[in-house]
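Quick note: the sequence shown uses numbering that gives the first Met the number 0, first residue 0, plus one each step.
In short, the hints are calculated from the structure, not lab data. No experiment lies behind these values; they were computed from the predicted model shown. We put the CB at the ideal spot given by N, CA and C, even for glycine. Just so you know, not all the hints are guaranteed correct.
Claimed, not checked - Here are the computed distance ranges between Cβ atoms for each label pair: (1) E175 - Q69: 40 to 46 angstroms; (2) G421 - K230: 37 to 43 angstroms; (3) D417 - R119: 19 to 25 angstroms; (4) Q414 - S435: 18 to 24 angstroms; (5) Q333 - E175: 48 to 54 angstroms; (6) K409 - S266: 54 to 60 angstroms; (7) D273 - A347: 20 to 26 angstroms; (8) A220 - E175: 29 to 35 angstroms; (9) R119 - R287: 21 to 27 angstroms; (10) K188 - A403: 36 to 42 angstroms; (11) P379 - M0: 22 to 28 angstroms; (12) V87 - P433: 17 to 23 angstroms.
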Amino acid sequence: MRILIIDDEEIQRVTLEDELVERGYRVDTAPTAEEALHLTVQTDYDLILTDLRLPGKSGIDLIRELREKQYPARCIVMTAFGAVDTAVEAMKLGAYDYLTKPFSMDELTLRLRHLEELQRITGENRILKQRLRELELPEFIVGRSAAMQTVFGLIQTVAPTDTTVLIQGSTGTGKEVVANTIHALSERKDTPLVKVSCAILSREILESELFGHEKGAFTGAAATKIGRFEKADGGTIYLDDIDDIPLDLQVKLLRVLQEKEIERVGSTEPRPVDVRILASTKVNLKDRVDQGTFRSDLFYRLNIFPITIPDLKDRKEDIPVLVKHFLDEFYPGQDIHLEKEALDCFLAYPWDGNVRELKNLVERLSVVCGCNPIRKDCLPPEFFRQPERSLRSEGLEALPFHAAVTRFEKELIQQTLDQCGGNRSEAARTLGLPVSTLKSKLKKLGL
Numbered sequence: 000m001r002i003l004i005i006d007d008e009e010i011q012r013v014t015l016e017d018e019l020v021e022r023g024y025r026v027d028t029a030p031t032a033e034e035a036l037h038l039t040v041q042t043d044y045d046l047i048l049t050d051l052r053l054p055g056k057s058g059i060d061l062i063r064e065l066r067e068k069q070y071p072a073r074c075i076v077m078t079a080f081g082a083v084d085t086a087v088e089a090m091k092l093g094a095y096d097y098l099t100k101p102f103s104m105d106e107l108t109l110r111l112r113h114l115e116e117l118q119r120i121t122g123e124n125r126i127l128k129q130r131l132r133e134l135e136l137p138e139f140i141v142g143r144s145a146a147m148q149t150v151f152g153l154i155q156t157v158a159p160t161d162t163t164v165l166i167q168g169s170t171g172t173g174k175e176v177v178a179n180t181i182h183a184l185s186e187r188k189d190t191p192l193v194k195v196s197c198a199i200l201s202r203e204i205l206e207s208e209l210f211g212h213e214k215g216a217f218t219g220a221a222a223t224k225i226g227r228f229e230k231a232d233g234g235t236i237y238l239d240d241i242d243d244i245p246l247d248l249q250v251k252l253l254r255v256l257q258e259k260e261i262e263r264v265g266s267t268e269p270r271p272v273d274v275r276i277l278a279s280t281k282v283n284l285k286d287r288v289d290q291g292t293f294r295s296d297l298f299y300r301l302n303i304f305p306i307t308i309p310d311l312k313d314r315k316e317d318i319p320v321l322v323k324h325f326l327d328e329f330y331p332g333q334d335i336h337l338e339k340e341a342l343d344c345f346l347a348y349p350w351d352g353n354v355r356e357l358k359n360l361v362e363r364l365s366v367v368c369g370c371n372p373i374r375k376d377c378l379p380p381e382f383f384r385q386p387e388r389s390l391r392s393e394g395l396e397a398l399p400f401h402a403a404v405t406r407f408e409k410e411l412i413q414q415t416l417d418q419c420g421g422n423r424s425e426a427a428r429t430l431g432l433p434v435s436t437l438k439s440k441l442k443k444l445g446l
């Protein structure tokens, strides 16, 4: 790994360089952001470790310029404890992490190990994309964040197998896109990918759609109907919103998973099917099991290999990449981009509709905005509404700094645990923390 250290304090700069070189890293240093920018023109670094307070251009300025140039290195910022809010601002601009001074080499080494693991996953993602190109398929999924690199790695691992996959994520995050990609990279890629939306069909129609029916099975069944499972025989079936399947049909689905066979409505004859099952949900299925609306045995059969797609608001460093991807899609052959103020609005917007909402907006801008770069005043009014104040944040201003940070940290961890159904491993992954660190914080905060 090649690292660039930027710090105007020579002792700190030299000490870090010596320690990292001793650990086998290749290191360059610079006392200013200006000199660092010059070095980045000549060298491709894997990591930029920069102080926030620098003479001339600040660390924030450096990160902003690197982002505008789409320089691929990850950035870790170093900051004094009282400037944590500035470090958070840096992360909103795309910094990978921050360290609060004074920090130990163990802390830095841990960050570097995480980054090396991320690079490994990124390498696997490049292989995945190459395979997509070889298949003459579009690069379905876009993102350079750690969370999305993890998703890419999981896809790469599970695609060549016949393992059942449960794809979890909010509306608009791209669950169907993940299903398409898994099928396209599987050994079944030349066989059908049959899709069923479980949320929009009534119980009776859904049963007939999934399993088919015999002639005369019910009023109106004038002919035999082949169900989706039989149509997918030899290929893959994608069950969207699987949480909406009624309990009695869940029994029939469980039989498919266990026995690899179906029975048409109106028949007692079992029919073997060779089908790989991909399923998706926008809810926590374990909660549905606890509520008694989803069978636990079916849940565990489906949850063999879960893939969770993060919300766009939790991976804002992907927004510039996604914007460019969609601009290239809607403005083919043109170098259209957003002005800085417009991009800042994109980064600040909550994106409740996730990637789908972002794509729809870029498509809308491609129709109504005739300027290049696309300006801030082209954006719709909702971009400029003041967000509603979070009730849980009330009173923070009256607390001393350390007490406010502790309270905010406690509420954030509790909220994440709630969203993850109490699953500590999933919560740690969402928060970007090692499980051991999360457990330590839970004990410290009394959670």
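Going through the hints against the structure:
Between E175 and Q69 the beta carbon distance is about 28 angstroms. The supplied range of 40 to 46 angstroms is therefore violated. Distance hint check: the CB atoms of G421 and K230 are about 39 angstroms apart, consistent with the given range 37 to 43 angstroms. The given range of 19 to 25 angstroms is broken by D417 and R119, whose C-beta atoms sit roughly 32 angstroms from each other. Checked against the hint of 18 to 24 angstroms, the C-beta distance between Q414 and S435 comes to roughly 21 angstroms, which is consistent with it.
For the pair Q333 and E175, the beta carbons lie near 28 angstroms from each other, so the given range of 48 to 54 angstroms is not met. Range check, K409 to S266: Cβ separation about 57 angstroms, and the 54 to 60 angstroms hint holds. Taking 20 to 26 angstroms as the suggested C-beta distance range, the pair D273 and A347 does not conform, at roughly 49 angstroms. At roughly 30 angstroms, the beta carbons of A220 and E175 sit within the given window of 29 to 35 angstroms.
At roughly 35 angstroms, the beta carbons of R119 and R287 sit outside the given window of 21 to 27 angstroms. Range check, K188 to A403: about 53 angstroms between beta-carbon atoms, so the 36 to 42 angstroms window is missed. As the Cβ distance of P379 to M0 is approximately 42 angstroms, the hint placing it in 22 to 28 angstroms is violated. Take V87 and P433: their Cβ atoms lie about 20 angstroms apart, and the range 17 to 23 angstroms holds.
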